[in-house]
Amino acid sequence: MAVDPLSSTLFALSDPTRRAILARLASGDATVMDLAAPYDMSLAAVSKHLKVLETTGLISRSKEAQWRRCHLEAAPLRAVSAWLEDYRRFWDRSLDSLAEYLDVMQRPPRPRTKKRHGSAAHRTKRKDPLR
Amino acid sequence: MNTHIESPAGEPIIVMSRTFDAPREVVWLAFTDAKHVAKWYGGFGFSSPVCEIDVRPGGIWRHVMRTPSGADYAMEFVYVEVVRPEKLVWKNTTHGKEPRPGQLNVVNTVTLEDAGKRTKWKLVALFDSVADRDQAMKNGFSTVITQGCEKLNDTVKTVAAVMEAT
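Protein sequence lines correspond, in order, to chains A and B. Residue numbers 500 to 630, in my numbering, belong to the letters of the first sequence in order. Residue numbers 2 to 167, in my numbering, belong to the letters of the second sequence in order.
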């Protein structure tokens, strides 16, 4: 199954070590050695995390030299941030609307104005909005 | 913003809560009866040319949302749990098709708490871990599968912190 980019980004972000790596890279580019330093973790393990981040497009790595520097790419994060904001806004907007509609649902039936033609028997019954 | 939003630690979820001035049974109807849902879903300026709801576990909620500019968005959800009038769980469904780009699998749980003439409403949005699991398989990181998806709270914080720094 193909996974959309947003899910991939969220997956990459789902690991605390990877989040810490991104947070570190936000303050500047770094090598694998730099990134591994705070952890009790092998370089190979850190490299695996970097591979995930690189596959997802969250980081890029320079090609030159033996100690390739990792660089944070903000675009995928922007997509996540935008999605969360949209989700939030959608519900906030909908719930404002719902709050108002709930008032309408609970409004007592208005007395019907008399029609020019027909008797009371012909009047259409007001629909109970709760039914 | 009238909706209270939080992301509790330790779980991959967004929680929103709000109190409505209506009894629980009314709020339940507003959420589960197509003719009512069509009236508010999407918010002011949005309309719902299609809203079909089959509110039972496995039942489908088919919805077309029209934006103020006239663009239509077709959505389809499946109900996972239906406990009238207190709990409603639904998630997106693609009928086995691949999700559209940008589409996330989210499991939404709404709970309604009776507060007399008012109702405490709570939405918990859980990001479906199936996609995460698939991605993990694809990347060959079997160890992370057991971890499941992490707390969205930290994700949100990281996103915010990194965005600020860049």
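Do not rely on the hints blindly, as some may be mistaken.
[As the list claims (entries may be wrong)] Using 35 Å as the maximum straight-line C-alpha spacing, the simulated DSBU-like pairs for lysine-lysine come out as follows:
(1) B/Lys121 <-> A/Lys547
(2) B/Lys121 <-> B/Lys36
(3) A/Lys550 <-> B/Lys123
(4) B/Lys88 <-> B/Lys123
(5) B/Lys36 <-> B/Lys92
(6) B/Lys121 <-> B/Lys92
If you're looking for bench data, these hints aren't it; they were derived computationally from the structure. All of these numbers come straight from a predicted model, not from anything done at the bench.
Hint by hint, here is what the structure shows:
no. : hint                  : in the structure
1   : B/Lys121 <-> A/Lys547 : violated (45 Å)
2   : B/Lys121 <-> B/Lys36  : holds (22 Å)
3   : A/Lys550 <-> B/Lys123 : violated (38 Å)
4   : B/Lys88 <-> B/Lys123  : holds (10 Å)
5   : B/Lys36 <-> B/Lys92   : holds (20 Å)
6   : B/Lys121 <-> B/Lys92  : holds (21 Å)
When each numbered hint is compared with the structure, violations occur for hints 1 and 3.
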